[in-house]
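Chains A and B are the protein sequences, given in the same order. Sequential numbering of the first sequence, starting at 0, is according to numbering that gives the first Met the number 0. Sequential numbering of the second sequence, starting at 0, is according to numbering that gives the first Met the number 0.
Since the hints were derived computationally from the structure, they do not count as laboratory data. Any given hint might turn out to be false.
Taking lysine-lysine pairs in the BS3-like style, the calculated list, with each CA pair at most 27 Å apart, reads [claimed, not checked]:
#, chain 1, residue 1, chain 2, residue 2
1, B, LYS28, B, LYS114
2, A, LYS172, A, LYS161
3, B, LYS198, B, LYS281
4, B, LYS290, B, LYS315
5, B, LYS192, B, LYS205
6, B, LYS349, B, LYS281
7, B, LYS428, A, LYS172
8, B, LYS349, B, LYS118
9, A, LYS173, B, LYS428
10, A, LYS215, B, LYS237
11, B, LYS349, B, LYS131
12, B, LYS192, A, LYS215
13, B, LYS326, B, LYS349
14, B, LYS288, B, LYS326
15, A, LYS173, B, LYS28
Simulated DEER-style distance windows between Cβ atoms [as the list claims (entries may be wrong)]:
#, chain 1, residue 1, chain 2, residue 2, range
16, A, ARG242, B, LEU439, 35 to 45 Å
17, A, ARG92, B, LYS163, 48 to 58 Å
18, B, VAL277, A, ARG242, 26 to 36 Å
19, A, ARG242, B, ILE20, 39 to 49 Å
20, A, GLY65, B, VAL277, 26 to 36 Å
21, A, SER95, B, GLU235, 40 to 50 Å
22, B, ILE16, A, ARG92, 20 to 30 Å
23, A, PHE11, B, THR211, 52 to 62 Å
24, A, SER95, B, VAL145, 53 to 63 Å
25, A, THR23, B, THR84, 48 to 58 Å
26, A, VAL117, B, GLY234, 48 to 58 Å
27, B, GLY234, A, THR1, 14 to 24 Å
28, A, GLU58, B, LEU439, 32 to 42 Å
Source: prediction; values computed, not measured. C-beta atoms are modelled at their ideal positions from N, C-alpha and C, and glycine is treated no differently.
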Amino acid sequence: MTSIEINTYLTFGYFVWIVAYLVTFVAAKDRSQSNKVFWIALVILWSVHTGSIGLRWAESYWQGIGHAPLSNLYESLVFFSWSVSLALIIVWRRFSADWVALLGVPIVFIIMASTSLVDPNIRPLIPALQSNWLVAHVFTCFLGYAGFAVSFVAALLMLLSKGSQKAFSMLPKKELLDEIVYRSILIGFPLLTLGIITGAAWAEHAWGTYWSWDPKETWSLVTWLVYAGFLHARLTRGWSGTRTAFLSIIGFCAVLFTYFGVNYLPGLHSYF
Amino acid sequence: MKKPTSPQTDSSESVSILSEIKTFFTSVKTTIFLLFAIAVGSILGTIIPQGEALDRIAISGNPFLYRLALILDLNNIFRSWWFTTLLAVLTLNLLGCLFRRIPMILEEWNGKNQKSSFKLRYISSRGISELKDSLAFIGKSVMRVVPRVTETSDRTNFSWDKHKIYLLGFPLIHIGIIVILLGSLVGAFWGHKGHALIKEGDGTDKFSLISTGATRTLPFKIMVDDFTLTNYPTGEPKEFRSNVRLLRDGKEVAAGSILVNHPLTFEGISLFQSDYRVLGVKNIRLSFKTKDGGNSENSFDPNLEIDIPASNSKIKTRSLDPGSMAKGSGIQISVPGTTDQPSLFSIYQKDAQPLNVDGVEIRFLGFTPLYATGLQIGYDPGVYIVWLGCSMLVLGFTLTLFTNLRRLSIELTASEKGTQVIASGRSRKLRREFREAVKLKLAENVDLSRQN
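Let the hints inform the model, and build the full structure from the sequences given.
In structure tokens:
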């Protein structure tokens, strides 16, 4: 079985997980037992996900063009969903917050499903990407993005529960949601910082300029500034609840724009 | 932030303006505003096509918009006066906040200002000397470090500190950002970035600045021996390589290959592979098969006449055709005939039949283009300052995230009712758990009764 096939099954697996979870969420009275099962099931899915990334890495070597599977949109989407999945598992465990998965796993599923729209083939590395910085840069950026994604999920739940008290009565307390919105950014922000720094170091090495205000760079800075604003507002101005939830959502929009949107802007860096 | 009260007299009014300014530069409110303002400015810089915005607005023929674009430098936002000012004010604001916070951090470092997140009060009928050892033991079992002890006749204080280095996180992060901004300033003033297009076999010590296009001279000459372009079997580019030698006063001082992601640095000046151009044909490769079965293959200069082996005929290259996937590339050659008019032939790489001249079968094997390599030339003394700032930033984040500042202080005071024991402390992480651990240890080991 190839990694591409595994990813197809994996996408289906996440889907089945969501359906089963939703059914339990609505039907079951006491979910403490089923939650354990769902958590373990998610860990298993994530392990398969990890395996598929590892297999793709190996496959590229078997094809004689070995490189880390982080070099094109397909690979980055698979890795992005892997990171979000990992972040969900951690947050679920750490805060006993199973409902992050309620909104989080569908995001993982959507990202995985979207890989069917792009070219899944393993391509050789173009000269601009032939660098050891590739792994460090992509790893840190996407783990940071995963933190922001979880924060976004918690922020969204918070705004939803504010909107209609009744329908979301099963949701956790506002304080816990607020804590997750903040803690996830607290982890994501240094990772994004590291991602920008490794990117700058790489750019310096490849093009001789650590910063050239290229749209991708600029938007990563915008994302960084929004989250820096979030942290300062929260830590020193005492912002919390709805206001910081909005900032978290704005921040994640910036993340998505950095990731996808810059392709529609003028003056993009062409890789050679 | 506190607004200074507005007094009536003139002299204090100027004082109030000063304090307003001071408040502005030391306030985190300002920081948050600046962060978002810079974010908005950056977004504008990516939406408005930089370098061509003015032309576009000029075409649209709106004089007001044109003037606005001119004043706000919309063509070059990231170097505009207002964007630079925002960055400068951010730097000053960061400095202001640091000056405000550093004394507090120092006080905390020296143990003068000890914030505590909990305070537990107990009373015991036993005397200080009886309690001392067991309490010191408890503190040590929770904190696992040696305490600082201060003793007077009726009071004993143990205090434990852990991961005090956490306090350095905040200044490191913020100084780091200032250092990065300063480094970029150094680069903007003393660094330069240029580009040179050099033909294979040629050399130059001149390059043009990317910012202004002005010509500058390098302290050495770059000789480009050759440039090669390699593709993967799938057709994607695999490698761009310029083999260069650096000469100073005619003597070779450095040599090597420049590839993407593999620059060559000499005396702080770095040469990067940036682009390339095809200028012509360096050589063509032909194979000859003579009547007696002799096979030969050779590369030829396309500008010279080529002798056909075992024959008196010569051929000359007229033109090159990049060809197509089906035919391959091809050349047009002329064979001077017996008549005055030379006869012209086109031969392609994938021709089924070879060309026959004087009984010699000629095939075209391919050609090597003559390239000019585009090298980016960079000199930036500020880059080390930027990396220093980045390192501070990373170290600061590491300290902030991975150290856990913990303080515990147990104070024993002799009073009429017995010995009063106050345990107070703080923990950055797992605050409640820390408090409960201290409480539990106290309850387990010493016979104390809780007081409020």
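In ascending order, which of the hints set out earlier in this document are inconsistent with the structure?
As far as the earlier hints go, 8, 11, 17, 18, 19, 22, 24, 26, 28 are violated by this structure, in ascending order.
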